[in-house]
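Undergrad: Below are the chains, spelled out letter by letter.
2 protein chains.
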Amino acid sequence: MDFEIERIVELARENRARVLQLQFPEGLKRYGPQVGKRIKEHVNVKVLLSGNPCYGACDLDYDTKADLLVHFGHAEIPEIVAHNVCFVEVRSEVDVIPTVNDALALISGPRVGIVTNVQHVHTLDSVHHHLESAGLRPFIGCGDGRIKYRGQVLGCNFSSARAIDVNEYLYIGSGAFHAVGVALATGKRVIVADPFLRKTSIADVDLIIKQRYGLIAKAMDAHTFCVLASTKTGQQRFDLAFELVEEAIRRGYDAYTVTINEITPWTLYQFPADVYVNTACPRVAIDDSALFKAPMLTPIEFEMILGKRDLSEYTLDEFSTG
Amino acid sequence: MDFEIERIVELARENRARVLQLQFPEGLKRYGPQVGKRIKEHVNVKVLLSGNPCYGACDLDYDTKADLLVHFGHAEIPEIVAHNVCFVEVRSEVDVIPTVNDALALISGPRVGIVTNVQHVHTLDSVHHHLESAGLRPFIGCGDGRIKYRGQVLGCNFSSARAIDVNEYLYIGSGAFHAVGVALATGKRVIVADPFLRKTSIADVDLIIKQRYGLIAKAMDAHTFCVLASTKTGQQRFDLAFELVEEAIRRGYDAYTVTINEITPWTLYQFPADVYVNTACPRVAIDDSALFKAPMLTPIEFEMILGKRDLSEYTLDEFSTG
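Protein chains in written order, with our numbering: chain S, 164 to 485; chain V, 164 to 485.
Everything labelled a hint here was simulated from the structure, so no lab data went into it. Idealized CB from N, CA, C, for every residue including glycine. Hints are supplied without guarantee of correctness; some may be wrong.
[What the hints assert, rightly or not] To spell it out: a stretch of chain S is covered by chain V in this simulated footprint if at least three of its residues, at any positions, have a beta carbon under 8 Å from a beta carbon of chain V; those stretches are:
#, stretch
1, 190–202
2, 207–220
3, 225–233
4, 429–443
Please take these sequences and the hints and turn them into a complete structure.
TA: Here it is as structure tokens:
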């Protein structure tokens, strides 16, 4: 894995940094001590490792004594102004082509959108070429202000998928969430090519849709709503939280706003409610729903409860900008 | 319980606050929604409840969109400059005198120091009078820059106990930590009067001392140390953390610094180490030691490992100032 030690050392020198803060997402945190040691071999700095959980470039740990924050594992989110932050994307070195080749059997085409996360974003030109050679018409879309690279999707933003008019999508990456997100956001079939496991599949949206409608149905009888507003740099929707609370109160419900950094079952235990409404990262409501003692809804799902949105068309919660 | 709604409403009006953030310690968090509702009945503000865990006035939740922070359940720490914070101490209304009366049987005297936490600090004059009537010579000490009231102790500061020359102490309050802290900090016997349970006892320092030496002994063979530096407003000792790491490295150990807001077993799981050294709240190392997979030492205990301190005299870690 390339932690770009040389670039960090150079930046530390240029900025005359005395203290560096290194922030890793959960899957890379264990490399922190050795990356810190390697940096200190080349430049005289103190190194702090961020111990706070981190899931995206929306969550920059500025709460520190450091002169420079080095954020690993995610691409910069262009719309978030990041001061004194160096993003080290830690791209994957795995060859995606064999799995893309396997996926050809599942692709009907002819127009195929290619989407991925930042780990594999440098492979998209070769994937494009490979699909073209196979007689397909591949497209790579540009995302909105939250998306740095063509074809890149985030757990909270599928704008690069929506930007193109295709019959179906090929998602390159592991885990179910992004592929299901593309399918829900576009209404199209998504073929998944996981280059780590060399496994191909079709994104299964049915299960998640059933789960979401199950929670929405359960929330229909609720009286007390606890609306969560995140303080993480790129997850702040305080105005939305306030609006939802006011709207709920106008309609005769009990509702209040909780501001919180890390949303966990044990922090929410202190806030009794029939339903939690999460204006922070949409993935918390969807991936972690089974962990909470009351249903956790997205703002869009809550608007279904309030009768402001039609129940029939399920829509994902996204952080999108122009 | 007195949440001082009127004073908060007045302050909100004076400050033309549009958004109030209410912060409660864990034991009072469940009152948040109703306190928020009562405030909103009198003044047109939006209310945010802080969902982040809180254990003291050392931990002010400024990470918010609010104009005014209302912090409940703790006294201000004078040495910490707190901007736009209103402290609502939520004093206890329990009558302490019956339990103090029970405690007389345990007090030898003649010179008795009276100590307590902020909940009962308004009762100390009557306790003083009561002890005097019983033929004892009671003393109430002034603490250092971290202590607001005469006779008040914190989990991290026993300066008001040390300030007086007495034969023994009477601690008024519940829980074991503060009383044991006074005993360890002064080397004197501490009689505990718990007015909630109407129970009296002698603070037992032996158990905690045995536990601490057990952990110190276990840490003697350690090679890798993870030093924790807190970002909470009144728990920051980055320089101490850096010094400890440098010192450990000079002596041939592996050591690194992790900066963290909430110290929990699951956040530390990402940082493998033989021993954790906690420069944050001393109570985390002592109260929660059984939760962590490796021994967690205070900086003073770590200096025993490094050979910089004599092993024979156990000293508590405190946050003290002049």
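Undergrad: Hint numbers the structure violates, sorted upward?
TA: none
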